[in-house]
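Here is how the chains run, residue by residue.
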Amino acid sequence: MKSDKVINKVDLIFRKSESDEISVIKRVLEKKPIDIINNIIDSGLRGRGGAGFPTGLKWKLAYEQNSTVKYVICNADEGEPGTFKDREILDVVPQKVLAGMAICAYCIGAKKGYIYLRGEYFFLANKLEEIIENFNQKLKTIGLDFEIQLYLGSGAYVCGEETALFESLEGKRGEPRNKPPFPTSVGFLNKPTVINNVETLVYAYIITDIGPNEFKKYGTKDSRGSKVFSISGDTPKPGIYELELGMTVEDFVKEFGDGDTKAVQIGGCSGKCVPRKDFATTIIGFEGIPTGGSMMLFNSSRSMYNVLHNFLEFFCEESCGQCTPCRVGYQQLLKGIEAVKKGERPASYLEELKKLALTMKVSSKCGLGQSAANPFISIVDNFKEEMIY
Amino acid sequence: MIKEVKLKINNIEVCVPEGSTILQAAKKLNIELPTLCYHNDLSVAGNCRVCIVEVKNSRLLQPACVFPVSEGIEVFTNSNLVRQARKHIIELLLSEHNADCTECYRNNNCELQRLAYEYGVSQHLFIDLIPLKNYEKDYSSPSIIKDDSRCIRCQRCVRTCEELQAVSALTVAYRGEHMKISTFFENPMFEIVCTNCGQCVLHCPTGALIERTYIDEVWEAINDPDKHVVVQTAPAVRVALGELFGYEPGERVTGKMVTALKLLGFDSVLDTNFSADLTIIEESNELLERLKKAIKEKQKAYLPMFTSCSPGWIKFAEHMYPELLPHLSTCKSPQQMFGALVKTYYAKKIGIDPKKIVSVSIMPCTAKKFEANRPEMKSSGYRDVDYVLTTRELALMIKQAGINFSKLSETNYDNIMGKSTGAGVIFGVTGGVAEAALRTAYEIITGKEIPFPKLNIIPVRGLEGVREVTIKIDGTLPEWDFLEGMELRVAIAHGLANAKRLIEKILSGQVNYHFVEIMACPGGCLGGGGQPIPVNTEIRKSRVKAIYEEDENMPLRKSHENPDVIALYNEFLHKPLGHKSHELLHVTYTPRKRY
Amino acid sequence: MNEIENIVKEMFKKYGKSRTALIPVLQSIIRKKRFLSDEDIVEVAKLFDLSSAEVYGVASFYSFLDIKPRGKYVIRICKTISCEMKGSKEIIESIKKMLKINLNETTKDNKFSLLTTNCLGWCHKGPAMLINEDVYYDLTPEKVAEIIEFYKNK
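For the record, the sequence lines run as chains F, W and H. Position one of the first sequence corresponds to residue 1 (the working numbering), numbered consecutively onward. Position one of the second sequence corresponds to residue 390 (the working numbering), numbered consecutively onward. Position one of the third sequence corresponds to residue 985 (the working numbering), numbered consecutively onward.
Rather than coming from a laboratory, the hints here were simulated on the basis of the structure. Remember, it's a predicted structure, so these values are computed and weren't measured experimentally. Please note that the accuracy of each hint is not assured.
Claimed, not checked - Mimicking DSSO-like on lysine-lysine, the simulated pairs with C-alpha atoms at most 27 Å apart in a straight line are: (1) H:K997 - F:K111; (2) H:K998 - F:K138; (3) F:K26 - F:K179; (4) F:K127 - H:K998; (5) W:K416 - F:K341; (6) W:K416 - W:K476; (7) W:K616 - F:K355.
Claimed, not checked - Partial list, derived from the structure: chain H residues whose beta carbon lies under 7 Å from chain F: (8) R1003; (9) G1105; (10) E1117; (11) Y1120.
Stated by the list, open to error - Partner residues aside, some chain W positions facing chain H, computed with beta carbon under 10 Å: (12) E393; (13) V394; (14) E551; (15) V556; (16) S557; (17) A558; (18) H567; (19) I581; (20) K616; (21) K689; (22) Y978; (23) Y984.
Glycine included, every Cβ here is placed at the ideal spot set by N, Cα and C.
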């Protein structure tokens, strides 16, 4: 590993674009939807919310649906602990998000779009509504029949799960649906729906503007482009950074660590914890650890038991509660590590709990439960003594 | 043409129609997959996850109840991964669940208990979470007990209340570790918009929702030498009780049931069918009075007239459609007519102080418990019906008494109010009250039998949610000549969700009828909330068949030919809708809050 | 027309006369009253033709749709690990002392309720908190004292 490599900071997302958004959309309207979609496919852009589904393919699937009613939804329910980049994007370059939605709408044939903004970001709402109103008017003048509306969440992490988000928009409890069917065929109000993360939509807009080749200059074969990272924890420079994908954790820590980094939690509570010994060999990206951008650094003063305990408490509260593995599984993982710590259960019980985490991974209804094994196994395996003593 | 899809389950090939689930495909191969949140009567939730299976090339296990098959998939239902996950899931459910099975009403008939046994999860792998939960037990309702400590959060009750009954008295509240099945603001069951129909009880896989039992009170009365204990049995009980003694659904056990009741020590074993016949006399006369008022006298009459036998429906109407209450027949239900007569007519006839009579009824219904407790139901001067037991409770009493049910001989009901006709027994099935009423009303109007072969009014029968029939009236007697040539329009709905659909159409003026029969439970009383568990469409169909067999086998098929009813009028009531009838057999209801 | 009816009418206009307007309605009531009373939910249920239990089920799902009585100012401190590492626990303690209440309690004058919440999205500037819809970050006990004082006098 080239440990002397400097982290490549990128400036695509927040850069003041040469062309304004409406003129980019105007240009788009002169092309065939499928050509725009193919551009996105060609760019290799994958969803920036965490799951990493190929964006172009998602658009194509919705495009192919035979329905007069379709929807574009911007997932701005950024709830993953340690993530705050969508807030910044919506604050600084909201026009690009809206433009990304409009382009998607044109491609798939949607007339209505929603931004589902988490309730915690209410302070953005008024300003955003004004911008949206303005933008909707402009779309009318250039002849694109598409209208965006802002919706607010009400404090439920699971609503970031796409089908839970639909339920919430529909005025229901945010309980994820069974998949299949997938949103591109049966989504919001049971209509074909493209739901993309805020950042993904901005990249889709940028790729449409500057072309896939510019985007592909960054990143690796499996992880094209750059990504906005939310950096927090034990770091001298917490904040939001757009970085090229494909770096090693070691490179990352060199840049952002405080010199005493013992672990990096990649992808928030539902992501994996990388211990110091694996820094050099772990790549941040789809070939290694994919992430929605949350990077939490922990130095040697931190108890990893506390970290895991905090994560598990979070999941116990934020699980929607409908499926057994997730609802009860997280309670058992939490009570389980407490029992081991207190000596009420033997250290070997951690092995039972790891098996349970694997069950949760394969049998839960949605990503919330399926993520259990990520933090649990990576923290328990790498910091076992901290769990026991 | 529906496309067939070929797939493999455990390496065995199977073809099923496109759109089928893995569960359905497995069933075709006679592979029974464990399920908890799945129920045939309800939409699919896929939330308990015990039916998970391995689908080749899928990184996740998939819930068989909801996962659609596709061409060429390979499914494994017993792989180690599946078995481990399933065992974990059952253990997880048990860690939240009060598993004092011996104290549970559903002991030996609990879906979770069965799975725990099958998967050998008797040891407690995980930490007992019950001490951390503030589980509550709600005893407020005379019909239904809700015990959160037994709940596995499968949401079958919630879907039942919404999809079958359109009530939504139960909901899923909170989320995560605090998620629970709740009423509005966790108010007591007695105070909420609950119809007491008990469909939630019928669809609960465990003992989280059960009927309130009165078995001990009944034993006490039986064993009290000062008490004269009379029991009546509803029509639908006899076609379902057998299921609790190993009989196939649809086997009629009327005679054995009567014998068993006598062996239990009831002083008199009588038949609700008798008062069903009586109801028909009163109700068909009431309908004709209303028609007369509307058509002949051109006055305002509340039409359509709705039946009033189903207490779940009554409470539903009180909450949801108070404006319809004047449309309800003022006839009490057969149970309550019976109760009012037991402590008046019957008491006088056998010369017993009504104070000493304990009136018990065996019902397929949990709402009947509430009905018996209504303040309106004291016209005899006493509580007309003292205790209501469900079919399930009766079976339990028979078991407690050590009676070998299948070996019993068959006996007949006792005298005075024990005789009945086929028209009485079909009260137990959707469409039955309408059919019985038509058999009698038509004859009152025309003096002739209703013109259907063997008196079977086939068009009113069936399990369609909403049905309608038009009967043309031909050859009226002079008194009823204003009805000559008229088409009597009758509608029937069962299951309150269907009832709601029908009522909305009536209220919007899209349709109009003279007579509407509503039964709260799917299939009518035979699918009632007090009937044996489990229930599904097949079982209901078997019970339907049995009820109609019972009808056809009766020597008398028309309520007005019931000799005990005729005697009752001669000796006591004098005439339908007369003074005494009004005093004892009729009632009106009052609106309740909608939300 | 009562207050709830007005809100519902307004939201129907904005979001269409369907259930999709339900959560915006509940949010509006929260912004006015800080919690949903049983009467309010009954009223909403009526106007949406839903069962009141169902609306209750929806409300109780969401952390911000409080169904327990709350004070005029609802303080929610972020309890996520990143804020905890920056001292959120001390912030909670100092507010408890200041207001003389425990977590999940409301002051006697019904002015403040103190709750915790999950990640607010200000992890690089922790500890963070919400007071009603307004966000405060980079908190120190001194800064929090000032903020609370401001609301006390508001």
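Checked hints:
For the suggested pair K997 (chain H) and K111 (chain F), the alpha carbons sit about 19 Å apart, so the restraint of at most 27 Å is met. Using a Cα cut-off of 27 Å, the hinted pair K998 (chain H) and K138 (chain F) holds, with the two alpha carbons roughly 20 Å apart. Note on K26 (chain F) and K179 (chain F): the hinted pairing is violated, with a Cα-Cα distance of about 36 Å set against a maximum of 27 Å. Between K127 (chain F) and K998 (chain H), the direct Cα distance comes to roughly 17 Å. Compliance with the 27 Å bound is thereby established for this hinted pair.
Distance hint between K416 (chain W) and K341 (chain F) is unfulfilled; the C-alpha atoms sit about 46 Å from each other, more than 27 Å. For the given pair, K416 (chain W) sits about 21 Å from K476 (chain W) by alpha-carbon distance, which is consistent with the 27 Å threshold. The straight-line distance between the Cα atoms of K616 (chain W) and K355 (chain F) is roughly 62 Å, outside the 27 Å bound, and the hint therefore fails. This hint holds: R1003 (chain H) has a C-beta 4 Å from the nearest C-beta of chain F, less than the 7 Å allowed.
For G1105 (chain H), the interface hint holds, the least distance from its beta-carbon to any beta-carbon of chain F being 4 Å, beneath 7 Å. At a threshold of 7 Å, the smallest CB-CB gap from E1117 (chain H) to chain F is about 4 Å, leaving the interface hint in force. Checking Y1120 (chain H) against chain F: minimum C-beta separation of about 11 Å lies over 7 Å; hint violated. For the restraint placing E393 (chain W) at the interface with chain H, the shortest Cβ-Cβ distance is roughly 38 Å, beyond the 10 Å limit, so the hint is violated.
Here the hint on V394 (chain W) is broken, as its CB sits about 35 Å from the closest CB of chain H, past 10 Å. With its C-beta approaching chain H no nearer than about 8 Å, E551 (chain W) sits inside the 10 Å limit, and its interface hint holds. Taking 10 Å as the C-beta cut-off, the interface hint given for V556 (chain W) holds, the closest approach to chain H being about 7 Å. Hint on S557 (chain W) holds. Least Cβ distance to chain H is approximately 3 Å, under the 10 Å limit.
Satisfaction of the interface hint for A558 (chain W) is found here, the shortest Cβ-Cβ separation to chain H being roughly 6 Å, below the 10 Å cut-off. Interface hint at H567 (chain W): satisfied, since its Cβ lies 9 Å from the closest Cβ of chain H, which is below the 10 Å cut-off. For I581 (chain W), the shortest C-beta to C-beta distance to chain H is roughly 7 Å, which falls under 10 Å, so the interface hint holds. For the restraint placing K616 (chain W) at the interface with chain H, the shortest Cβ-Cβ distance is roughly 41 Å, beyond the 10 Å limit, so the hint is violated.
Taking 10 Å as the C-beta contact cut-off toward chain H, the hint placing K689 (chain W) at the interface is violated, the least distance being around 29 Å. Taking 10 Å as the C-beta cut-off, the interface hint given for Y978 (chain W) is violated, the closest approach to chain H being about 21 Å. Evaluation of the Y984 (chain W) hint against chain H yields a held restraint, the C-beta minimum of about 4 Å falling below 10 Å.
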